[in-house]
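Start from the sequences, fold in the hints, and give me the full structure.
Protein chains in written order, with the working numbering: chain F, 1 to 47; chain S, 48 to 254; chain A, 255 to 478; chain L, 479 to 1019.
Some clues are possibly wrong.
Said to hold, decoys possible - With a straight-line cut-off of 25 Å between C-alpha atoms, the simulated DSS-like cross-links for lysine-lysine are:
#1 A:Lys394 - L:Lys590
#2 A:Lys464 - S:Lys160
#3 A:Lys391 - A:Lys460
#4 A:Lys288 - A:Lys421
#5 S:Lys160 - A:Lys391
#6 A:Lys403 - L:Lys925
#7 F:Lys4 - L:Lys925
#8 L:Lys590 - A:Lys421
#9 A:Lys305 - A:Lys320
#10 S:Lys240 - S:Lys169
#11 L:Lys590 - A:Lys290
Stated by the list, open to error - Just some of the chain L residues that point at chain F, by a computed CB distance under 10 Å:
#12 Tyr720
#13 Val778
#14 Met836
#15 Phe876
#16 Arg972
#17 Ala975
Derived by calculation from the structure, the hints in this document are not laboratory data. From the three backbone atoms N, C-alpha and C, an ideal C-beta is built for every residue, glycine too.
This is what each chain is made of:
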Amino acid sequence: MDEKERQRILESAPVGTFALLAVVLGSMVIAWLFLYFGVFIPRGIIH
Amino acid sequence: MQIELLIQKCQNLIGQAVDFVHDFIRQSRSVHIDDLERKWINITLSVIGLMIVIIVLDALIHNIRPPSKVETIDSARLHLSKEFAESNLGVQLDGNGDVIVRMVAGRYSFFPKHIAVPAETKLTLRWVSMDVLHGVHIPMTNMSTMIIPGYVAEITTSFPKPGEYPVLCNEYCGLGHNHMWSNISVIAKEDWKAPVQNFAKKEPDNG
Amino acid sequence: MARLFILLALLNPLIAVAGDSGSQIAWTQDTIQKVKSGSAERGKNLAETCKPCHGLRGEGTNVEIKDGETLPAIPALAGQNPFYMFKQLRDYYNGDRLHESMSSIAKGISEEDAADLSIWFSSLALPIQEADNQDFKKAKTMVSQGDGKRILPPCFTCHGADGQGEKIDIPSLAGQRSDYFERTLMQYRSGERHNDIYSRMRLIAKQLTKAEIKDLAYYYQQLR
Amino acid sequence: MVSPADRKLTIFHLWVAFAAFIVASFLGEYQVLERSGFIPALDSPTVYFASVSTHGVLMGFVLTTFFIMGFGYYTATTSLNTPIWNPKLAWYGFWISLTGTVMAAVPLLTGKASVLYTFYLPMQAHVAFYIGATLLVVGSWLWCAVMLVMFRQWKQANPKQPVPLAMFATTANALLWVWTSVGVALEVLFQAIPLALGWIDTVDAGLARTLFAWTLHPIVYFWLIPAYIAFYVFVPKQAGGYLFSDEIARAAFIVLAVFGLPIGFHHLYMDPAQTSSWKLLHGVGTLIVSLPTLVTGFTVIASLEIAGRLRGGTGLFGWIGSLPWTNPMVLSVILSLLMLILGGFGGVINASYAMNAMIHNTAWVPGHFHLIFAGTTVIMYFAIAYYLWPMLVKKPLFSNSLALVQLWTWFIGMGILTTPWHVLGLLGQPRRLSSMVYNTLLTLAWKPYELAMIFGGLIMLCSACLFIYNLVKTQLSPAPESFIQEIEYAEPIRPVAALPEYLNDFTLWNRVIAVLMAISFGIPILQFFFMDTYGSPGWGY
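This is how it looks when you write it as C-alpha cells:
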C-alpha cells in the first residue's frame, strides 16, 4: 500500500456508504408508507 | 423626536441582521462538504419533505389530526355537572343526529362499562377523568386519546369493522392500571338502534 | 321502615336535587381546605357524644343481642380517612345517604364540626380486632388479584395494601367491624346505599356473591 | 497524561453509573418475567410498579447522568490537555448527585414512589423522591459549569483555533442539558414538591405534562450525544482510518442541540391540553431533527469505508469485511448503527403526527426506546468503558474476547427483546401492565411474544453481568510494570482550515434556541395562565 494508493483512497468518494444507506433509507420510506396507508388510514377517521 | 430615533434603530437592526445572514452564508460556502455527502443530505431532506407533505396535506385536506380540542372542565365536580351526570353518560344522538358518546374514566374502569356503537359512522367521543391521568385505546382502531383531569378529551373517529372490542386504559394510573378496561360492541350500521334517551344538549355545563 | 324513609324524604328538601349524582361533595380546592383546617382538639370534644354508639376509642361494635333485642353493627371510626368521613357526614346531612339515626344526628353537625371530627378520628390508630385463624385463601386472592373474568380490580389497588385507605377519599377497611362491612356491601349490592360516585362501589358489589362478601368482611376485620 | 485526581473523579462517576446499570438490569429481567405470567407466584402489581419506577430512574437518570459526567471530565482533560478546572466544584457535583440518587432510591425501593420515572402528576409520590431527583439534576448542573468554563478558557488561550471536536461536542451536550432540564425543574419545583408537602392542594395536570414534554425529548439527545461523540472521535481511529468530515460533525451536534429542544409535543400528540396546530409545528420539527442522525450515519460509515479500504477492502462492500471486527469499539459501532436503523424508524413512526394514535402508549413505545437507548446508546457506553478503563486504571483490559462476546450477546438479546415488543405494540397491548387480566382473545395473541421477551431479557442480563465482570477483573488484576496507553482522537481526512466562528462557538446558537423555545413553548405554556383551568388534588396510587 504505497503512498499514492493511500492518497487515492483518502480522496475517494464513499460510494459503498452511499449505496448502503440508499437501500436503508429506501426501505424505511416504503415501510413508513405501508404503515401509514396500509395500517393507520384504514383504521378509521381521527381528529 | 423619539420616533425617528426608533426607526433609525430598527433600520440598524435590520441592516445588522441582513449582514449577518450574508456573512453566515458566505462562511457556510467555505466549509468543504464532500459531494456525495451533499447529495445524501439533499436526499434525506427530500425524504423528510415527502413525509411532512403527506402529513400536512392529510391534516389540512382530510382533517387527519390527533385529538386536540382544548376544553377545560372541573373534574372534581363531574358528577354534579349536567353533561357528565351519571344518567347522561353513554351513547346518544345529539341535536343533528350525530352519534355522541360520553365516558367517564375513574379508577379503575370506564363508565358506563359497556356501550354499543354503529360501525362505519362518524362518532364523537368525549372522555373525562374523575381522578388521575388515564389513556384510552381501542386496539386495532384509531380511537386513542389521553384523558387528563381538568380537561375534556374529545375525539372524532369511526370503527370500520363491526365486532367486540376491549377498551383499554394505556396510561399508568395506579396499581390497578392493568385491571382498568371495559367493553365496546361495534354493531353493523343497519342493525344498530339509537338509544331512546332525550336529545341532551351538547354544551357542557361546567358545574 | 319504609314509612320512615318517606317521612324523611318529605322533611328534607335536599334529597330530590340531582337524584343520581351519588353525592353533593366534590374535592374542589375549598372543600379540601375545609377538611384540612379541621382541628383535632375541637373534634375530640365533639366526639364525646359519639362514644355511646361508636365506642370509647371509636372501635364500633358487631351485631349484639342485648336483653332480647338485636342491636345492628356500628362502624369503627378510628383511623378512618378524614376526607372519606367528612364526605359521609355531609352525605347524611344532604340526604344522599340515609340512616334512621345518623340522618337526623348529621343535621346537627356543621361543616366545621364534620371537619374537626374527621381530623380527630383519623388521628386515632386503626382498630385492632381479635385475630381470626380462618385461612382467607379466597378472600386473599380477591383482595390481591381481583377477578379478570368479572372485571373486578383487586380491593388493595384502591383501599391500600394494608387496607389503610388511600388519598384522596378512599376509606380504610382494616379493623372494620365485619357485620357492618357485610351490611355495607349488601346495601351497595342492592343499591340501598348509593352515595358512591358513578356507582363505582355498587358495580363491584353487584358482582360479588354473599359468600365472598362474608369472607372479605372477616378478612378485613382481622387485618392489622 | 491525566492526573491521578482527574482519573479518580472520572472512574468514581463511571462506577456509580454502572452500579446503577447492573441493579436495574436485574429489575428489567424480573419485570419481563413477572409480566409474562410465566411464573404466577411472581405476580404482584406493587412490586412490579416499584421495580419499573426504579428501573426507569436508575437507567434513565442515574446511569446516563453519571456516565455523561465522568466521560465528559475525561474528554475535557484529554482533548484540551489541561487539568479539570475547579475539581472541588466537580466533586461537589458528584456528591450532590449521589445524595440525590440515594434519596430518591429509598422511597423507590420501599414502594413509596411508584409513579414511574415520568412522575404522572396528579399522582403523588413521597416528597424525598422529588427532592432526590432535583438534587441529581442540580449536581449535573455543576458538571455543565465545569465544561463551559473549560471551553471558554481554552478558547481564550487559543484564539481563532478550532476547539477539539470531542470537547466541542461535550460542551454542546452540557449546554443542551442546561436548556433541557429547565422544563422538569419547573414542574418539580412549582408543582410536584409543593403538592407533596401540602403547600398547594391542587395542580394543573395539563401544565405538568407540557412542562415535562419540554424535557422529554432533548433529554434523550443528552443521553445519545456521548454515543455520537464516540462515533466521531474514537471509531475512525480504532478502525484504522480518519474522520470523514470534522465540520459536518460539528454541524450535526449543533443541529441536534438546537432542533432537539423545541419539538417536545410529539409526546403530547394524544393530549387534550394542546391544539393540533402546535402539535403539527412540533411534529414537523421532530421529522427535521432526523437529519443530523442520518448525516451522522453517513459520515461515520464513510469513515469506516475509508478505513476498510486502507486495510485492503475492495469493491462496493469489500471494506466491510476488512474492518477490524475484533476491536470492541469497531464491533459496537457496527451493532449500534444496525440498531439505530430500526430504532430510528420506530421513532419516525412515533413522530408522524396523527399516526401516533396507532401506537401511542402501546408496547411499541418501550420497544422503540429500548432499541434506540438501551441498544444504540448503551452499547456505545460499553465500548467507551472498554476503551477508557485501561487508561483509567493503568492496566490492560482483562479480556478482549470476553468484551466481544458481551457486545454480540447484548445485540442479539436486544433483537429478541424488542422485536416482539414492537409487534405487541401493533397488536395494541398497552404499556406498563404488570399482568394480562383482560378477558379477551387479544390477550391470548400476546402470549407467545411475552414469552420470547423473557429469553431476550435473559441474554441481556447475562451480557450485563459479563460487562461488569470484565471491568472488575480489569481493575483488580495486578498492574504490569509498564503499561502505557494514551487516548487517541481521530483526525479528519481534510485538516480543518478556515472554520467559521459559528461552528466553533455557541453564543449564536444560544440565541437561536431561545427564539425557537419562545416560539414553540411560549404560548402553549402561557395558555394555562390565561384560560380558566381547574386543578386536581393529589392522589395516591
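Outcome of the hint check:
1. A:Lys394 - L:Lys590: holds (22 Å)
2. A:Lys464 - S:Lys160: Roughly 23 Å between the alpha carbons, so the hint for Lys464 of chain A and Lys160 of chain S holds.
3. A:Lys391 - A:Lys460: holds (21 Å)
4. A:Lys288 - A:Lys421: holds (16 Å)
5. S:Lys160 - A:Lys391: This hinted pair is violated, its Cα atoms lying about 29 Å apart.
6. A:Lys403 - L:Lys925: holds (17 Å)
7. F:Lys4 - L:Lys925: Distance of about 61 Å is beyond 25 Å: violated.
8. L:Lys590 - A:Lys421: holds (13 Å)
9. A:Lys305 - A:Lys320: Given that 25 Å is the threshold and the Cα spacing comes to 18 Å, the pair holds.
10. S:Lys240 - S:Lys169: holds (15 Å)
11. L:Lys590 - A:Lys290: Holds. Lys590 of chain L to Lys290 of chain A sits at ~22 Å (cutoff 25 Å).
12. Tyr720: Constraint on Tyr720 of chain L satisfied, holds at 7 Å.
13. Val778: Hint on Val778 of chain L: holds, closest Cβ of chain F at ~9 Å, below 10 Å.
14. Met836: OK, holds: Met836 of chain L within 10 Å of chain F, min 5 Å.
15. Phe876: Hint violated; Phe876 of chain L Cβ to chain F Cβ min 33 Å, cut 10 Å.
16. Arg972: OK, holds: Arg972 of chain L within 10 Å of chain F, min 9 Å.
17. Ala975: violated (16 Å)
Figure legend: structure checked against the earlier numbered hints; hints not met, in rising order: 5, 7, 15, 17.
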